[in-house]
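Starting from the given sequences, assemble the full structure and let the hints guide the process.
FYI, the numbering for the sequence shown is 72 to 492, going by the numbering used here.
Since the hints were made in silico from the structure, they are not lab data. Glycine included, C-beta positions come from ideal geometry on N, C-alpha and C. Hints may be right or wrong, so weigh each one.
Here are the in silico distance ranges between beta carbons for each label pair [unchecked claim]: (1) Arg253 <-> Gln274: 40 to 48 angstroms; (2) Val460 <-> Phe339: 16 to 24 angstroms; (3) Val250 <-> Gln274: 27 to 35 angstroms; (4) Ser161 <-> Val331: 37 to 45 angstroms.
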Amino acid sequence: MGAAMRRIHVGNALSAFGLGFTVPYLYVYVAQVRGLGAMTAGLVLAVFAVAALVVLPFAGRAIVRRGPLPVLLTALVTAALGALSLGIASSAAAVLVSASLLGAGQAVMQPALATMIVDCSSAETRSRAFAMQFFLQNLGLGVGGLIGGHLVDTSSAASFTLLFAIEAAMFLLLVVVMVTVRMPHAPRIEDAPKASGRSSWKQLMGNRAMVQLCVLGFVLFFACYGQFESGLSAYGVEAAGISTSALGTALAANTLVIVVAQFAVLRFVERRRRSRVIAAVGLIWAVAWAVAGYAGLGHGSQEMATAAFVSTYALFGLGEAMLSPTVAPLVADLAPEGMAGQYNSAFALVKQLALAVGPAVGGPLGASLHAPYIAAFLVFSLGITVLAVRLGRQLTDVQDQPWLGKSRVVARGGAPVSADV
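See below:
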């Protein structure tokens with residue numbers, strides 16, 4: 072890793088660490104600690120999604136024109152202001168405005184950091200770079216949530232103010248780290264013929280492989296991430312009788328599998344077709360939903376149901392570890408030169424849409440229609456496999472098997488010289 076990439080990874084860890092302090096406790100803070108009720112707390116969660124959907128279409132264009140670093144710094148300052156104001160807000164209006172700032176800042180961080188990774192990596196190192204990013208994000212969220220859980224006190228608003236202040240401090244510390252990054256030159260929109268924002272989106276929509284990847288990405292995030300804290304948890308409590316402590320264990324198992332297995336999984340997937348890896352994830356998640364079906368609809372003991380439910384989250388974690396070095400590098404490889412920011416923002420927009428729709432659909436289904444819920448998401452998982460196979464037909468050999476690009480360069484340049492010569 073070069074110095075720039077090391078700082079980018081430190082930045083990923085710091086931002087995730089800061090988010091971990093507040094994300095698990097946001098609903099409790101708004102609804103109970105500030106006494107604003109469940110409806111306002113629900114609106115706050117919705118505002119996060121709406122803010123992301125509003126800013127992401129413009130973020131991609133800004134990254135292409137200005138570069139990812141200035142956009143990231145702006146997002147970090149915005150998120151820090153949102154976190155600080157949310158920690159002291161006491162009215163519904165103040166909470167909603169603060170949440171919109173924090174949500175917008177968080178949303179723009181994702182494509183900006185992803186584009187920085189693209190600019191600082193090669194096709195050969197990109198999969199490992201994104202695997203490291205995903206590893207550090209989950210580690211940071213887990214450690215931040217663990218420490219935050221020991222600091223928070225639901226009877227004291229000041230303890231929550233402290234959590235939000237720590238989150239803001241992490242964002243500002245990240246600003247200090249990022250201003251020292253020396254980014255390599257990457258083509259920007261000024262280097263190419265001028266094009267309007269509308270024409271750049273039209274160009275993206277004309278890329279059939281990217282459109283298919285966005286559809287696939289929507290189903291991926293809808294059927295997995297969009298269910299973790301909504302439909303699947305509701306199903307576990309209502310159908311399987313899972314306790315809140317067991318639900319926490321299941322979430323911990325998901326993070327543990329990602330942290331422990333990420334680099335072992337990377338060795339397995341980096342020499343395999345990307346489309347086949349994504350197809351395999353669909354099959355793994357189909358098994359996960361079948362195991363969840365046993366947990367809630369089977370007739371085993373409560374211990375067996377709990378073990379099956381925890382295993383479901385662990386299997387989801389295995390699939391996530393396979394996707395992290397696969398999907399994000401594929402988005403980068405599909406982007407024309409200088410357009411990585413636009414493509415990363417488009418994919419982040421698809422992710423936010425899925426995360427907004429997923430809980431709205433999955434929550435009521437998981438809580439009341441148990442068998443249809445499991446059957447529907449099992450079908451969605453199998454659909455991932457079908458969509459991935461179809462996507463593979465749209466990819467070039469190098470896009471689907473990036474190591475071929477390296478081997479062809481060696482072939483054109485002659486055999487590599489032995490180190491012993």
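For each hint, the structure was consulted:
Distance hint check for Arg253 and Gln274: the Cβ-Cβ separation is about 30 angstroms, which falls outside the suggested range of 40 to 48 angstroms. At roughly 19 angstroms, the beta-carbon separation of Val460 and Phe339 lies within the given 16 to 24 angstroms, and the hint holds. The given range of 27 to 35 angstroms is respected by Val250 and Gln274, whose C-beta atoms sit roughly 32 angstroms from each other. Taking 37 to 45 angstroms as the suggested C-beta distance range, the pair Ser161 and Val331 conforms, at roughly 42 angstroms.
Comparing the model with each earlier hint shows a violation of hint 1 alone; every other hint is respected.
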